[in-house]
Amino acid sequence: MQGAQRGTRSWVSRITPWAESGAKPLSHPGCHESCFCQWWQSLHRTMLRGVLGKTFRLVGYTIQYGCIAHCAFEYVGGVVMCSGPSMEPTIQNSDIVFAENLSRHFYGIQRGDIVIAKSPSDPKSNICKRVIGLEGDKILTSSPSDFFKSHNYVPTGHVWLEGDNLQNSTDSRYYGPIPYGLIRGRIFFKIWPLSDFGFLRDSPNGHRFSDD
Amino acid sequence: MAQSQGWVRRYAKAFCKGFFVAVPVAVTFLDRVACVARVEGASMQPSLNPGGSQSSDVVLLNHWKVRNFEVQRGDIVSLVSPKNPEQKIIKRVIALEGDIVKTMGHKNRYVKVPRGHIWVEGDHHGHSFDSNSFGPVSLGLLHAHATHILWPPERWQKLESVLPPERLPVQREEE
Chain A
1 MQGAQRGTRS WVSRITPWAE SGAKPLSHPG CHESCFCQWW QSLHRTMLRG
51 VLGKTFRLVG YTIQYGCIAH CAFEYVGGVV MCSGPSMEPT IQNSDIVFAE
101 NLSRHFYGIQ RGDIVIAKSP SDPKSNICKR VIGLEGDKIL TSSPSDFFKS
151 HNYVPTGHVW LEGDNLQNST DSRYYGPIPY GLIRGRIFFK IWPLSDFGFL
201 RDSPNGHRFS DD
Chain B
1 MAQSQGWVRR YAKAFCKGFF VAVPVAVTFL DRVACVARVE GASMQPSLNP
51 GGSQSSDVVL LNHWKVRNFE VQRGDIVSLV SPKNPEQKII KRVIALEGDI
101 VKTMGHKNRY VKVPRGHIWV EGDHHGHSFD SNSFGPVSLG LLHAHATHIL
151 WPPERWQKLE SVLPPERLPV QREEE
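Top line first, the protein sequences correspond to chains A and B.
Taken in order, the first sequence gives residues 1 to 212; the numbers are from UniProt numbering.
Taken in order, the second sequence gives residues 1 to 175; the numbers are from UniProt numbering.
Bound-form chain B, shown alone (with noise of 0.2 Å):
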């Protein structure tokens, strides 16, 4: 019976130890470095998502490259949406702070981006809540930066930091 007890106890010594050491790890791996996501909606068509409601593409979400809030024109970001902080939306930085952009559905005609804000657009313009929508949005919401495509499969890709000519800022901040 003793030889019994102590097989229980060495087993759950060991495992305290592994789920202490790994549940943090993971944690903090998921929160800061990169995680994986499901893209739902049409707003940014057709960079992802092109089949609708059929098939959702998942994006590999890398955190560790915004941990100083660097982001370029033209990458596809997620954030937490300014209008509900239990959501996160999926969206391309069109502008950078200090870049006056054309605006397609805004209040203003032209908005010049303020000191530590971004201005953020879906790629299928008219189904998309943005920045059209909310305004320029700060960089303290950001969340991560969607690098890549992982499914489905015939779907893989690097998502590529290109902005649409269309979309280009009328005037950019000058470094």
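Chain A extracted, bound-state conformation (with noise of 0.2 Å):
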């Protein structure tokens, strides 16, 4: 590769040489510069090196720039917009927050983290709650008017997760615990709005568990 050649991605070259090196003309014996011969040269040398070139380039950095997302948004963390009434006031409809995905790897959430889980019902769809408890505490399911308490003891690999919007929100005490495996990452720290722009706050719910 010299020339102009050199600014080139070594590489995107090697996958097309034909098309970047420079080609020796398609001549045969007995072609005498005819018309045809000097047009197909010419195609060959101009549209057919420069788009094709150009768009193997451009597969190439989308694949490249593509897979450095996934990278990113898998281990490392990404933006997020949560939408629904689940978990005000900590997190109002259409908030943009960051999450990471650290914790999740190092089997480092705690009690109170707010997650992005898989939904339980619907593989492909998000859902954005607390983890009240994490394997083997004892929640308190019965509501603080019953009479009888009642309790649920988390199983071994899952988490509960609540709203913090007690009164509108689809959570464990209406599926159960979720297991871990489903939990994607961490919420953290919100973005927008502006005028709550910071690390999230505790949950305005108190403590409904007790630690076994």
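Keep in mind that the hints are not guaranteed to be accurate.
[To be verified] To spell it out: a stretch of chain A is covered by chain B in this simulated footprint if at least three of its residues, at any positions, have a beta carbon under 8 Å from a beta carbon of chain B; those stretches are:
no., segment
1, 62 to 68
2, 118 to 124
3, 148 to 160
4, 171 to 185
[As the list claims (entries may be wrong)] To be clear about the criterion: a stretch of chain B counts as covered by chain A if any three or more of its residues have a C-beta under 8 Å from a C-beta of chain A, and this derived list gives those stretches:
no., segment
5, 80 to 86
6, 114 to 122
7, 133 to 142
Honestly, the hints are just simulated from the structure, not real lab data.
Beta carbons: idealized from backbone N, C-alpha and C, even for Gly.
Hints are included, so try docking the two chains, each in its own frame, into the full complex.
Have a look at this one:
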């Protein structure tokens, strides 16, 4: 790769050597520089090499940046927009927050963390709730007005999630504890609206569990 | 001296360029397209690991097929264990959402699989930690679809999606 080719990335050029290299003219014995030969040569040199080379380069860059984006979202974190009223007043509808995925991979999710998880009844949608109990915890499941208190123990490998807006939240009180493997990341910082910029507050509902 | 330094710098630059291209692409491929894994345990005998501890099968796990969480009854799938998130288990899909299964060893005799869940079982009944122990599993825990056995070479085969006839669901969800 010399001359004009020095700026290109070497691995892209290796895929399309015939397009990038200075190919020898397509002539055959008996061709006397006829009109067709000339037309074919100019087509090959300008259009095919230019367009095809550019297409391959574009595809290559798209794949590369797509892979970097996947690695960033999967292993580090990303920006998420939350919708729904189930985490008010901590997170309002259409707030933009920053979620990190390192805690999930190192199994560092604590009680009181706000997490994003895959919904147990619809794997393609995400839910955003607070962790109330980890495995082994005893959760109070009866409402405060009940006379007889009922408790549930969170099974191994599961977590108990509840939204901060207890009246308007479909959470573990409805579908039970969810497996830890469904958790995608931990939300710890709010970006938008700017009036609420900063780290997220503790639960407004106090403690509804007792450690065992 | 200036020449040797230029040589080192050029190599370092090429290495960094290659590294930042190759590593994300490889990681994305292994996470999203396909990877290989060794099967341990006897819960899927005789389909997988018929030799027990002498030889473990190595299977090809296809992530691309389950990117939309579409599985069929009889598929062999790998999923995150609901009891231990650090471990992945490999089992056969017996029933999809809406089916009613007759369980073997579960606390309820008949279970209707809820929406967004599947019922998985190992082929070696009685030696398998599966839905008969922990109930239906959420589709969000689905990891990959095991399509082929790659090693040992005498066991090269495509894994078929067949349901054992005695494990057909009692009632299927009508499409």
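Broken hints, numbered, in rising order?
-> none
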